[in-house]
Every structure is written in C-alpha cells, then in structure tokens.
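Enquirer: So the chains spell out like this:
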Amino acid sequence: MRHRKMLAPLTAAFAAATLALTACGPGPAEKAQSGGEVKLQMVESLTNPTRTALLKKLIADFEKANSGIKVQLISPPTNQADQKIQQMLQSGKGVDVLEVRDTTVGPFSTNKWIYDMAPDLKDWDGLQALTPNALAVTQQGGKSYMVPYGFYGLSLFYRKDLVQQAGFTGPPKSWPELVEQAKKINDPAKNKYGYSFRGGLGGAGNAIAVISGYVIDDINKDNAFKLTNGKTIFSSPKAVDALNLYVDLFKNASPPSSVSWGYPEMVQGFTSGTTGFLLQDPEVIATVRESKTIKEDQWGTAPLPVGPTGKAAQPLANAGWGVAEGSEHKAEAVKLVKFLTSGDAAMTFSKENSLVPILKSAAEDPFFKDGPWASYVAMNASPETYVVVTQPRGVPWSTEWGNKSDADVQKLITGKAQPAEILKSWDEYWTKKWAGN
Amino acid sequence: MAVTETRPAASSRRTAGSRPPAGRRRRFSGRTALVLLAFMMPAIVFVGLFTYYPLLNGIQMAFRNYNLNDLSDTSWVGLQNFRTLLGDEMFRGTVKNSVVWVVGSLVPQFLIGFTMALWLRRKFRFRGAYQALVFFPWAVSGFLIGILFRWMFNGEFGVVNDLLMKAHLIDTPVPWLADARYAMVAVISANVWYGVTFFAIMILAALQSVPDELYEASAIDGAGKVRTLFSITIPSIRTTLALTVLLRVIWTFNSPELIFGMTGGGPANETHIVTSYMIQVTQEGDYGRASAMGVMVVFVLLLFAIFYLLAVRTRTPRRKAVAR
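For the record, the sequence lines run as chains A and B. Using my numbering, the letters of the first sequence map in sequence onto residues 13 to 449. Using my numbering, the letters of the second sequence map in sequence onto residues 6 to 329.
Pulled out of the complex, with its shape left as it was, chain A reads as follows:
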C-alpha cells in the first residue's frame, strides 16, 4: 500500500525531471504544401517586427512579378531562430529559402543542408551589380551557398558636445586617443562614463577588433585570426598591448556594471546620454536618431579607431539568403534569392535595416553619402587604412568560441585572468581547431 502511495508522486517526479532531456530532441518539421502553384517556405533568422513587415512587402512584390509562386514567411524569435532553422534543415523538409549568416554558413554547408547556387548564378547579371565585398562572399571558396543582403561594419558613435567639453577638437582617430578622450569624459559621480563597454554577450568581438588593429600589418586578410606567418593573431606580442589598453578602457573609462552589458545595454548607455562613445554597427543609427535624450546635433559617427601603425581591420560581418538542399522547388527558391539581392529590393532592404549596402550603385545615393553614414563611406574610400578582413565566423565551432571568448573577456576585465593568459588560451584553442582537434 505504501509503495503504491509513493508510485504516483515518483512517476510525477520522474516525468518532471525528464523534461530536462526532452529539450534535446529535434522538433517536428513543417511541411510546405503545394496545390497547383509553387509554395515556398522562407525562414528568417535576425527577426524583428519592422524587418519582418518589410520582408513581407518585398515578398508581395516578388509574388506580383512571379505569378504561380507563393511565399510563406516564418519568423521565429531571434534568439531561437538559428536553432529552429537547424532543426528544419536537419529534417530535410519544410524550408526552401532561408537566412544564412556568416556564423551559420559553415555548419550548414558542412552538413550539406544548403544548396550550392553557383551554377544558377553563373549567368546572372545581378553579380555585376554587387560590390567587390558582396561578390567575394557570394563566391567564397568557389561555392555560392548564400547571396548577402548587407554587411554589418563597426564605426565609432561619439558625443560631439562631450568631446568638445573635454577639450578635444574632434573624435579620436586611434585606440590610444579613444582611451584618452574617454577617460577625460568619465565622471562616475555624475553617472557619466566615457565608453559604452561591451562586457556581456558578444563582448569578445570588440576585444578582437582592438587586437586586429594592433596586428594589422601582419594579418592574413582572408582569415583574420591568422597572421601571415600562419600563427594565430593571439600569439603576437602586440596582442598583449592591445588587451592591456582594452582593460584600461574598461577600468578607467567605462561603467563598472558594463561587465554584463550586451547589445541593448551598451546602446541604451549611449542613447540615454550616460556614455560618450559607442562602437557599433550602422543599424544603431536609427535607434540613436529616436533618442529623446540626445539631439541630432549632439552626436556623430567616426571611422573605426586605428592601431599604432595607423590602420584598422574592418571585419565585415554579413548575412544573406540561401536555398535548402532539401527544397523541392530550387529553381523558384533561387529566383526569390536573386530578387531580394538585386535592384530596388536590395537597396530598400539595406536602407530600411541600416546595413552597409551590397550594390555598387549605393555609393551615389545621397542616403549613404551624408550624415552618420559618411564614416562608412569614408572607410570604404580608404581601403588601405581600413583594411577589410574576413574573420573565421563560419566555422562549425563559432558558437562554442563565442561562449568561451565572451566568458574570457569577463574574466579579463574583472581581474580573474591576465591578458597573456587569455591570449595563450585563445592561441591554443584556434591552433588546435585548425589542426582538426
């Protein structure tokens, strides 16, 4: 009797405990239906409501121009999107067109989940309209797993008024100048800080931007984590100098709580008027413009700070559209990818999402030539100073690296590890990975 009494709670306990495991199983895939006309399933990754609305509008234009093709857009929440896409691709069904990021193209292509569009794009006139950077991404390694829709590049957002009040005539050009100006602006007693430091999610990206600026003369442009001598950039003694400067920037010019700041907090720090500098992508331009605290004439953007030799590495992150290997309608899917990455659709998408454009014609567009975009144009105009490099973001271990390196940056700035220790572990990590271990 006693045993039977215990059976029910034990069963319930077991069921509750097993929920921990069920999270690991793959989810069911959704299946596209086709009834007379071709129905494409499209799934996006970097979802936000404004962008989804814009995508729907562009899709409607595509459907109007291509009768007989209908597109159903799936928009999972951003933080689960890539996992959801992965599950859909793994099941081999339910997706035709998908958003591919430079961080996912590696694992997706390794597992043969995405289709090589190279033969379909061979005679496409849209290729001629792409900027050299966009073309390079489209034809990376001789394969075309994606066509990018835009680039995310770093520039320095700065408070014109605070820089002036601190006694400087203009924004900093180099990393040491940035530290100097940020320290002058820093005044914790007034809740005013020099720099919007990114110590939380994605924090390692900015640390690596500084390191890259310091080792730029020896960097391998095609694999920006490598030097031309084949070793990692983290093995260079200049990398230690870079991280020492970065720690100084945190300790003496940034809010103490920025150890945990991710994207929203660092942007909020700048738009709320708390910080003087912010290193961010152009998509933040729209957010800063909406700020009620800082006015249009109080802020501007400057090119990415350069290293000791007067150069900076511009790691252009990118994302684009690709086609699933399991798609039964590849021809129509490729048609949609071509539509979204050419002509008015591509230009509209860049402008409304604040992306560095993929089309050559954008250089003549007043939208990109003036205002906060001017720094991006200036960087594009000086490729020998702002060297475009490709970081190994598409490797299968990119998420693992992201988690490790972000945690390491937190250890660094909280004094739990020294720059040399962190760099040694990063050097060993990448050397092992490249050796196939």
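Derived by calculation from the structure, the hints in this document are not laboratory data. A portion of the hints provided could be inaccurate.
Claimed, not checked - Now the stretches of chain B that chain A is said to cover, found in silico as 3 or more residues with beta-carbon under 8 angstroms:
id: 1; segment: 108 to 121
id: 2; segment: 158 to 165
id: 3; segment: 223 to 234
id: 4; segment: 271 to 285
We treat Cβ as the ideally placed atom computed from N, Cα and C, and that holds for glycine.
Fit chain B to the supplied structure of chain A, relying on the hints for placement.
Expert: The following block gives chain B in isolation, referenced to the frame of chain A:
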C-alpha cells in the same frame, strides 16, 4: 496539555460498495477494455510522441558523438561524454551553483509562500482581488521575468540601485550583474519573487481543505497560535508540503530561463547552473554532451525524489483518541 488528534477518517464517509475492496484491482475485458483504450489512446500517443520519444532519443545521444556541427560521424562513444563532463571544471562549478541556486531559492520561497498562504486564508475585504494579484507572477514567462529583472538590477539605469540610493542604504551604485558575488544574489532574488506564488497557491489550497472544526477543537483545548500551527495546520497539510517542496526542487533545478534572461550565466560563467550550461552546450551543437548532462540530471533528481519521499513518507495515521 495534549491536543487530541482527530484526523477526519475519509474512508468512513464512503458508503460500502461504492469502491472495490482495497487491494483488488478492477479488471476490464473485451469490448469495454477496447473502448477504454480507444479513449486513452490520444493521451498515450501524445505523451509517447512528445515526451518519451525525445527522452529516449536524448538518452541514446548521450552515448554517441552527436555534434550538430558535424554529423558525418555519430558513432557510439560509450561513457566518453560523461567522462568529459566529469573532467570539466566548469561543469563541476555549475553543480555547486545548482545547489546554491536550489537551496537559496527554495527556502525563502517556502517560508514566504507559507506565510502568505496562512495570511490569505483569513477572511478580509477584497481577499479575492488580493489573491489574484499575489498569484499573477506565476502566469508570466520566466524568460520575460529574467529580462525585466536584468534591467531592474542594471548598475546604471536599474530601479534597484535607484531605490537603495534614495533610501540611503548605498552611496554608489552596486554592479549587481557584473560582480560574481552579487550576481547570484540577484538571480536568486528574482527567482524567490517568481516562485513564492507557487507555494502560496498550493499551500492555500491545502489549508482550505483543513476542517474548521479542528481549529475550533484546538481552541477549546486552549492551544495557542504556535501550537495550532505545529499540531494542527502542518500535520494536516503535510503531504502537500512534501510534494510541493519536491516538485519545486525539481522545477528550480530544471529552470534555467531566468538565469539565461538575467545574466546569460555570467559574469565569467559564475551564475551558470547545470541546466543553463546544458542549454549553452546545446546551442554549441554538442547534443551528445548536452544529453549526457540531461541523463545525469534525471538520475540525480530521481535519486533525490526517492530518498526524499522515503524520508517524508506518510505513515498510516495511528489514532491516539477517536471521539465517535
């Protein structure tokens, strides 16, 4: 003074013949059994497909080299994933954090929840509205609560620091989520706020089933409030208390969403618990290692459940005195 124990004898209220004698199972055969099975089938299929199939799939993945980043070799690796975990310093840290997280959350949740339930049992004006307000947090997603508390505990813009400074309890802002010493306190505080409601709901429901006659009898016998609490209230709802604590231990152990929303396991992985680390490993694509963690969690929680239930099991009530 001895308080007379007068547990209501539930079985005495039943009429003879309304239930088969204890120890005998009712058997169905033929058409009736088939009809019953047909009615149960949707539930069996649903639970089998969405709970036990992923569970079994997860268990077999724990013994394989199952990495989503490279599925070209998913061979069996025996206990390799478990060995890797046991040698992983971070995993050992998450085990310690999980204990702090569960105990630190559970004790205040239980005490506050119990007190609230006792208070809400009393009749007062607008009690219904107040109960609804108290139970509200339980209806909100844990991840959303995590994000809200992340902003509340923000060192520069957060309301927590603002209030503490206005109350002159601190002079300078505390970097709650940036310092490992405070970050765990912050996430546990949020979890206490979130989980108090569960105890309040469950304990209140149990309290409402305790007959008023018991309290009246104890009052006649001259029992004070403390004596009534320990001799009437707690023994009467003992089973509910034991089960709610058990369930809450399991849920708290298995709920990383608040930590994910608030700290993402940081700073420097200091607030990761086993299950939030498991999600991180899943995101990295290593389903084999993540499943091994899941298997360990199930095993440990099952052991805990067995020992806990053995320790608090309800003994057949022995009546000291029965007034008939």
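Enquirer: Just to make sure I understand the rule, a stretch counts as covered if three or more of its residues have a C-beta closer than 8 angstroms to a C-beta of the chain. Does the segment 271 to 285 of chain B meet that for chain A?
Expert: Holds: 8 residues of the segment 271 to 285 of chain B have a Cβ under 8 angstroms from chain A.
Enquirer: At least three residues with a C-beta closer than 8 angstroms to a C-beta of chain A: is that true for the segment 158 to 165 of chain B?
Expert: holds (count 4)
Enquirer: Against chain A, does the segment 108 to 121 of chain B show at least 3 residues with beta-carbon separation below 8 angstroms?
Expert: It is violated, with 0 qualifying residues against the three required.
Enquirer: Taking 8 angstroms as the C-beta cutoff, is the stated coverage of the segment 223 to 234 of chain B by chain A satisfied by three or more residues?
Expert: violated (count 0)
Violated hints for the displayed structure, listed by number in ascending order: 1 and 3.
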